[in-house]
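Taken in order, these protein sequences are the chains called C and R. The first sequence: position 348 = 503 (the numbering used here), numbered continuously. The second sequence: position 133 = 288 (the numbering used here), numbered continuously.
Honestly, I wouldn't trust all of these hints.
What the hints assert, rightly or not - Just some of the chain C residues that point at chain R, by a computed CB distance under 10 Å: (1) K195; (2) P274; (3) Y299; (4) S438.
As the list claims (entries may be wrong) - Straight-line Cα separation of at most 25 Å, BS3-like style, residue types lysine-lysine; simulated pairs: (5) C:K177 / C:K510; (6) R:K510 / R:K188; (7) C:K234 / C:K245; (8) C:K429 / C:K361; (9) R:K534 / C:K429; (10) R:K172 / R:K185; (11) C:K158 / C:K177; (12) C:K211 / R:K211; (13) R:K430 / C:K534; (14) C:K177 / C:K480; (15) C:K430 / R:K534; (16) C:K157 / C:K480; (17) R:K357 / R:K324; (18) C:K480 / C:K537; (19) R:K430 / C:K280; (20) R:K234 / R:K462; (21) C:K534 / R:K429; (22) R:K537 / R:K480; (23) C:K157 / C:K575; (24) R:K429 / R:K245; (25) R:K571 / R:K158; (26) R:K280 / C:K280; (27) R:K480 / R:K185; (28) R:K183 / R:K510; (29) C:K463 / R:K211; (30) C:K510 / C:K188; (31) C:K430 / R:K280; (32) R:K510 / R:K172; (33) C:K211 / R:K463; (34) R:K571 / R:K172.
Hints were generated in silico from the structure; no laboratory data involved. The beta-carbon is built from N, C-alpha and C at its ideal position, and this holds for glycine as well.
Protein chains: 2
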Amino acid sequence: MKKLYQDMTAQELACEKAELEKRYQEFKAKDLKLDMSRGKPGSDQLDLSSALNDVKDYTENGVDLRNYGMLDGTPACKKLFAQLMGVEPKNVIIGPNASLTLMFDYISQCFTHGAGDTPWRSLDKVKFLCPVPGYDRHFTILEYFGIEMINIDMNADGPDMDAVEEAVKDPCVKGMFCVPKYSNPQGITYSDGVVRRIAALKPAAKDFRVMWDNAYMIHDVVYPGDELLNIFDILPQYGNEDMVIEFCSTSKITFPGAGVSALAASDNNIAAIKKRLNAQTISYDKMNQHRHVEFFGDANGVMAHMKKHAAILKPKFDIVLGHLKNELEGLGIASWTDPRGGYFISLDVTEGCAKRVGELCREAGVVLTTVGATFPYGKDPKDRNIRIAPTYPPVSELDTAAELLCICVRLAAAEKLLAK
Amino acid sequence: MKKLYQDMTAQELACEKAELEKRYQEFKAKDLKLDMSRGKPGSDQLDLSSALNDVKDYTENGVDLRNYGMLDGTPACKKLFAQLMGVEPKNVIIGPNASLTLMFDYISQCFTHGAGDTPWRSLDKVKFLCPVPGYDRHFTILEYFGIEMINIDMNADGPDMDAVEEAVKDPCVKGMFCVPKYSNPQGITYSDGVVRRIAALKPAAKDFRVMWDNAYMIHDVVYPGDELLNIFDILPQYGNEDMVIEFCSTSKITFPGAGVSALAASDNNIAAIKKRLNAQTISYDKMNQHRHVEFFGDANGVMAHMKKHAAILKPKFDIVLGHLKNELEGLGIASWTDPRGGYFISLDVTEGCAKRVGELCREAGVVLTTVGATFPYGKDPKDRNIRIAPTYPPVSELDTAAELLCICVRLAAAEKLLAK
Chain C
156 MKKLYQDMTA QELACEKAEL EKRYQEFKAK DLKLDMSRGK PGSDQLDLSS ALNDVKDYTE
216 NGVDLRNYGM LDGTPACKKL FAQLMGVEPK NVIIGPNASL TLMFDYISQC FTHGAGDTPW
276 RSLDKVKFLC PVPGYDRHFT ILEYFGIEMI NIDMNADGPD MDAVEEAVKD PCVKGMFCVP
336 KYSNPQGITY SDGVVRRIAA LKPAAKDFRV MWDNAYMIHD VVYPGDELLN IFDILPQYGN
396 EDMVIEFCST SKITFPGAGV SALAASDNNI AAIKKRLNAQ TISYDKMNQH RHVEFFGDAN
456 GVMAHMKKHA AILKPKFDIV LGHLKNELEG LGIASWTDPR GGYFISLDVT EGCAKRVGEL
516 CREAGVVLTT VGATFPYGKD PKDRNIRIAP TYPPVSELDT AAELLCICVR LAAAEKLLAK
Chain R
156 MKKLYQDMTA QELACEKAEL EKRYQEFKAK DLKLDMSRGK PGSDQLDLSS ALNDVKDYTE
216 NGVDLRNYGM LDGTPACKKL FAQLMGVEPK NVIIGPNASL TLMFDYISQC FTHGAGDTPW
276 RSLDKVKFLC PVPGYDRHFT ILEYFGIEMI NIDMNADGPD MDAVEEAVKD PCVKGMFCVP
336 KYSNPQGITY SDGVVRRIAA LKPAAKDFRV MWDNAYMIHD VVYPGDELLN IFDILPQYGN
396 EDMVIEFCST SKITFPGAGV SALAASDNNI AAIKKRLNAQ TISYDKMNQH RHVEFFGDAN
456 GVMAHMKKHA AILKPKFDIV LGHLKNELEG LGIASWTDPR GGYFISLDVT EGCAKRVGEL
516 CREAGVVLTT VGATFPYGKD PKDRNIRIAP TYPPVSELDT AAELLCICVR LAAAEKLLAK
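Can you build the whole structure from these sequences, using the hints too?
Next up, the structure:
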């Protein structure tokens, strides 16, 4: 019978700790080298897209895609991404191999040239709202440009919108990063109500921008997956067409680092981005765009392909969730998310224990995402969040790593309680 | 017997003009649609690289190149470009599909974060030296960032170094764009003396940067081609290691827009660029890097490949040069370059006539590079330079286009002299 740690006597806890230490030492003796740090697809997932490399003909309607031209992407690729994002092809720009670069570039554009009348560089202070826990690479971009990050807590249905609505009254608050579907790391999909409140925002800053990083827009692991309201459908109701830029890529559909990225935006924003793009490149890699179009055909082809990914990922999520349930449920020392898609499981351990868990795991040969990285400046104020990335390790390794992780979570909690 | 236009009587000129107009109308009647505007390879050149698409195995030393990682490029690709640029692999970063993007990014980096202590954005005025005629897309980057461009005349052996040495005494002058080999559009290769004087510059601005756009580093059309002194070999003699960033790409080696770009820089500059890169991407397209490595093997493989390009390009250059010689030599109305490599022939027509030549050509169905584009702000102060891009049209079309161009040059000159 499981007992809450906080209800245990010191003696019971010491006993528990001794037992955990024994198990921990057994793992340590195995000399493991396991990595649950990054949201990387496994090689079996990459094999699903091998046929991309079979494409030989690089013409589209008689145009030679091997040569210069087509600044914003091939018409067929624009059409494909327009279908996936639910917008018009004219509102799509096909980007380079990673949407991260598109996001960096857009912030860079706002910084040097502005999203409205005033370049952000000429302001004393620029602030951004960051739902937390969130994606470390968003924070890295903001930090690079010296933009102050403000934590916004995530609720079960998305960012705390009361806090967001309050925060945007500050004219220095120029934007917000969102991963609206299967958020990184919690796997939360924003509810219709949250999406509506975001679309309806009336920020003091007229050039407020929502970076809508829809990285996991079709990345279901469980079917049916979550449904996300298309924010572009409702923005016009609030006169906020220019407030949102959506980003996505095939990094976790075909090849990470050798995929195709895209953005969707209003006519005004597309025009401003193209002005920059025109100075920046002649065209992105149209051969790779064409490979993707030939491989998928249309949006249905992409959706069918995603089911193959899900078949590989589901067992991996299940293994981790199984260990979390078996080892941690009913102890009052941890909670976690059980997402229907995306790439991560978010684990909250006992406050003040996350760093210690990361340390214990590392010493036993299991690398987690750097603890704290899910918060701006790498600082988790409660030192409790751990991002679990179950996709990359093979099933057998994952099984071992997840069990060890649970032992470390318990051990750290026991240590903490005993030290009181 | 040919006669200088300026020695002709008004009657002789009128006669000449009438004859030219007759020929011009004959061309016009052909309803031509020919394009000599951009430095695009022909489709037969692109076919030379078709085997790039045959690569199936994307591992290097057991590392799966389809996945995330390797921020600055695959080791094999870095080694290949290091060979081509004559530097150490540690001083190479492999970039995206176009070196233009790397150049834009570096200027952007200097603007937002600086090349030394002070971001250029915080300065009242930033100026750049632009050897003219030059590459329009360099000017577009500088204009985008509001950097003032100063024309530096090109001599037969490179930029007028007296003018450069004088200009860099101004601390607002922060850099210079150079295409040191087979310059765009003149096809001039900087002499050893010029390269040494650039390496030895003592600019007032400590963060002065030379953008060494070595776009045509191995693009010989005639063998043996020109030799360019490796500026990185001599920079240390002057303590100027950090002053030069070299850029190159395979855009005109394999596929424009689907090639691989690279830069070479000092240890300090590489570290500064990587800091930005780390916020900007996880990695560029390593699968494409690997395709290039597999296709070429090593630098010798690249050089052998370039001979195949030369075999296609030589007849095209010869056709244009043949027409220029036959039609324009001895008339005193035009001069042109006869480069041993690169992608262009630069034609100087009678002062004040270049725009008119462009107009006449366009009306007869031949598109030239926008006249003026070879100068900052699109303003050729003498309205005389025309960039001829002979590579893209098939030989038969080029033959027609080049003859028409010569007729237009003569016609415009005759018009001008008669109007006096």
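Going straight from one Cα to the other, do R:K430 and C:K280 come out at no more than 25 Å? Given that 25 Å is the threshold and the Cα spacing comes to 23 Å, the pair holds.
Mind checking the alpha carbons of R:K510 and R:K172 for me, to see if they're no more than 25 Å apart? Within the cut-off at roughly 18 Å; holds.
Just to be careful, I want the Cα atoms of C:K463 and R:K211 compared with a cutoff of 25 Å; is the pair within it? Judged against 25 Å, a Cα distance of about 21 Å means the pair holds.
For a C-alpha distance cap of 25 Å, please report whether C:K534 and R:K429 respect it. The given pair, whose Cα atoms are some 24 Å apart, holds under the 25 Å limit.
Going straight from one Cα to the other, do C:K429 and C:K361 come out at no more than 25 Å? Since the Cα atoms of C:K429 and C:K361 sit roughly 21 Å apart, the hinted pair holds (cutoff 25 Å).
Does C:K537 lie within 25 Å of C:K480 when you go C-alpha to C-alpha? Holds, at roughly 23 Å.
Agreement of C:K157 and C:K480 with the hint, judged by alpha carbon distance not exceeding 25 Å: The given pair, whose Cα atoms are some 12 Å apart, holds under the 25 Å limit.
For the pair we were handed, R:K183 and R:K510, check the Cα-Cα distance against 25 Å. holds, 18 Å
Minimum Cβ distance from C:S438 to chain R below 10 Å? At about 4 Å, which falls below the 10 Å cut-off, the nearest Cβ of chain R leaves the hint on C:S438 intact, so it holds.
Could you check if C:Y299 really has its C-beta closer than 10 Å to a C-beta on chain R? holds, 4 Å
Are the Cα positions of C:K211 and R:K463 separated by 25 Å at most? The hint holds at about 21 Å.
For the pair supplied as a hint, C:K430 and R:K280, is the alpha-carbon distance within the 25 Å limit? Distance of about 23 Å is within 25 Å: holds.
Taken one by one, the earlier hints all hold for this structure without exception.
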